[in-house]
Amino acid sequence: MDLLHIRDLTLNNFKRFYTSVFWSALSDLVAFCGIFIVLLFVDVILQPFFGGYEASLGELLGICALGLVYMVIYFFAQIPAYKANYESTYKFSAQGRLELAEHLRKLPLGFLQSRNAASLSHSIMNDFARLEGVNSHMLPQTCASLVVVCIVFVGLCVWHWQMALAFFACVPLALAILLLVRYIADGLSTSHMRSVVCASNVINEYIDGISTIRANLMGGAKFARLESVFDTLRRESIRIEVSLMPFALSILSCMGAGIGIMVMVGRGFLLDGELSVIEYIAFLLLGSKAFVPLMTFCVNFIELQYFAKSGQNILSLLQAPVISGQDKDIPTSNDIRLEHVSFGYKAKQMVLHDISLHIKEKSSVAIVGDSGSGKSTLVKLIARFYEPSSGKIYIGKKGESKDISTLDYESFIAKFSMVFQDVYLFGGSVESNLKFAKENASKEAIEEVLKKANALEFVQEMPNGINTNMSEGGKSLSGGQKQRLSIARCLLKDAPIVLLDEMTSSLDVKNEYALQKAINALSKDKTIIIIAHKLRSITHCDCIIYLEKTPKGSIIAESGTHKELLAKGGKYAQAFANEASSIHI
Numbered sequence: 001m002d003l004l005h006i007r008d009l010t011l012n013n014f015k016r017f018y019t020s021v022f023w024s025a026l027s028d029l030v031a032f033c034g035i036f037i038v039l040l041f042v043d044v045i046l047q048p049f050f051g052g053y054e055a056s057l058g059e060l061l062g063i064c065a066l067g068l069v070y071m072v073i074y075f076f077a078q079i080p081a082y083k084a085n086y087e088s089t090y091k092f093s094a095q096g097r098l099e100l101a102e103h104l105r106k107l108p109l110g111f112l113q114s115r116n117a118a119s120l121s122h123s124i125m126n127d128f129a130r131l132e133g134v135n136s137h138m139l140p141q142t143c144a145s146l147v148v149v150c151i152v153f154v155g156l157c158v159w160h161w162q163m164a165l166a167f168f169a170c171v172p173l174a175l176a177i178l179l180l181v182r183y184i185a186d187g188l189s190t191s192h193m194r195s196v197v198c199a200s201n202v203i204n205e206y207i208d209g210i211s212t213i214r215a216n217l218m219g220g221a222k223f224a225r226l227e228s229v230f231d232t233l234r235r236e237s238i239r240i241e242v243s244l245m246p247f248a249l250s251i252l253s254c255m256g257a258g259i260g261i262m263v264m265v266g267r268g269f270l271l272d273g274e275l276s277v278i279e280y281i282a283f284l285l286l287g288s289k290a291f292v293p294l295m296t297f298c299v300n301f302i303e304l305q306y307f308a309k310s311g312q313n314i315l316s317l318l319q320a321p322v323i324s325g326q327d328k329d330i331p332t333s334n335d336i337r338l339e340h341v342s343f344g345y346k347a348k349q350m351v352l353h354d355i356s357l358h359i360k361e362k363s364s365v366a367i368v369g370d371s372g373s374g375k376s377t378l379v380k381l382i383a384r385f386y387e388p389s390s391g392k393i394y395i396g397k398k399g400e401s402k403d404i405s406t407l408d409y410e411s412f413i414a415k416f417s418m419v420f421q422d423v424y425l426f427g428g429s430v431e432s433n434l435k436f437a438k439e440n441a442s443k444e445a446i447e448e449v450l451k452k453a454n455a456l457e458f459v460q461e462m463p464n465g466i467n468t469n470m471s472e473g474g475k476s477l478s479g480g481q482k483q484r485l486s487i488a489r490c491l492l493k494d495a496p497i498v499l500l501d502e503m504t505s506s507l508d509v510k511n512e513y514a515l516q517k518a519i520n521a522l523s524k525d526k527t528i529i530i531i532a533h534k535l536r537s538i539t540h541c542d543c544i545i546y547l548e549k550t551p552k553g554s555i556i557a558e559s560g561t562h563k564e565l566l567a568k569g570g571k572y573a574q575a576f577a578n579e580a581s582s583i584h585i
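Residue numbers for the sequence shown follow full-length UniProt numbering, beginning at 1 and rising by one.
Calculated from the structure, these hints are not laboratory results. All clues stand as given, with none of them false.
Below, a list of computed lysine-lysine pairs in the DSS-like style, where the Cα atoms sit at most 25 Å apart:
no., residue 1, residue 2
1, K380, K524
2, K563, K526
3, K549, K563
For clarity, every value in this text was computed on a predicted model and none was experimentally measured.
Put together the whole structure using the sequences plus the hints.
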């Protein structure tokens, strides 16, 4: 049974853990050996008082020289322990954060959306920070203390087993309390960690929504959720401390009682002549010295139960299955075919039902329908952000087409460029944001795609042009500007399939016109899939798909060209007429 949660705390990195414990134990044993030089010195000093010989100045100087040699040995014994504990831990933590971030990138979007962004950030930063402290200080120190205590116990038993048993008489009781604490701390730690993450989530929410909070005079304590989560965190923090404190004090009392028992038992052996005064003093000094690693082990053991939750959080993310598929031989053609595809975010609540359609290579297809009809979901299924609940999606012309679930995701997604309604720009320069699409792109290539995306003019008006740093999320830019930069990024990637999601729905006329010009540049010789609320912007498309909600999930109610759908006089024609009349009002 993993009483110390070593697997969780080391993230299965046992090799580094064993190396760290070995050098820490060796360092602690060297430190413990210093007591024997002290005993030697005490023996020499006390000999004359008990009829022994008086040491010469040379012998005293020899003991001092031995002490200096010991200090040098102790210093050099610390170096490998330092490297094994600190240097390797910080490398492990830095690499671990990068590995976790890379793993998150490969997880299905559905998994990520089921987790709050703040909790994921908490795992990458705070949980790893806790494990840094644990692996550099606490865990190797705890295990090394246990090794030292066991060696000291064996040594004392060889010397005088009765005195050894006297000192360790209360250890079994302390260990029994520790096992009890392990189960109590498990539940308390889970509850406290949950409160910490919840508080972090609400703080992020408070900061993101600060303008709304100000407008409604709900700041500070008036923001009830903020007050509530901090009150819960306060109560959980007090609860875990108050609940575990009595056990910690009981354990330390048991350990300390061993010294008292040894004093009393030793006194009897001293009076009976079985122990000399020097031996009696030696046991007292050794016992006092051994109490330190015993206390370290017990206190750290309790704290490790709490920090193990951080390791469990990280492991739960690292063990989440990535998007499946290993086939890197991607079809060269870019036809997309859906066969009887259904999907629901929850098992019994289908968003899409029995969708079958064929999108030909280098064609333009628009997906329209009522709000909530699953337009964005359908596009995300095509990009494999989600896996269908049933049915198959294929890419490539018949004869070479393959089920996208069998394809290597990195190779598959390289065929796609995407511009979503909520464009996200990273903190950094305009140039660095565009280079996410093509890392080695030249300055000339970047300026060329900015020009095609109708974005070069406003970028050049920035203080440092393409080297201007933007705030995280591009908050300093308008919606139209962000979307044109996103299109420029797509142009730089030059992927054969382009997904456009409701980009012009909230733009003014000027921005919509500029954006439409950018879309036209992006669409040349590509397979284009567009989601749009403004039907007048997709009348040129080769095919228009109209989704209609039903109790079983949205279905394809109509499909065809703009003229064909108007001639049918169905749902699309009615929606187009409603839009046209609203414009003329």
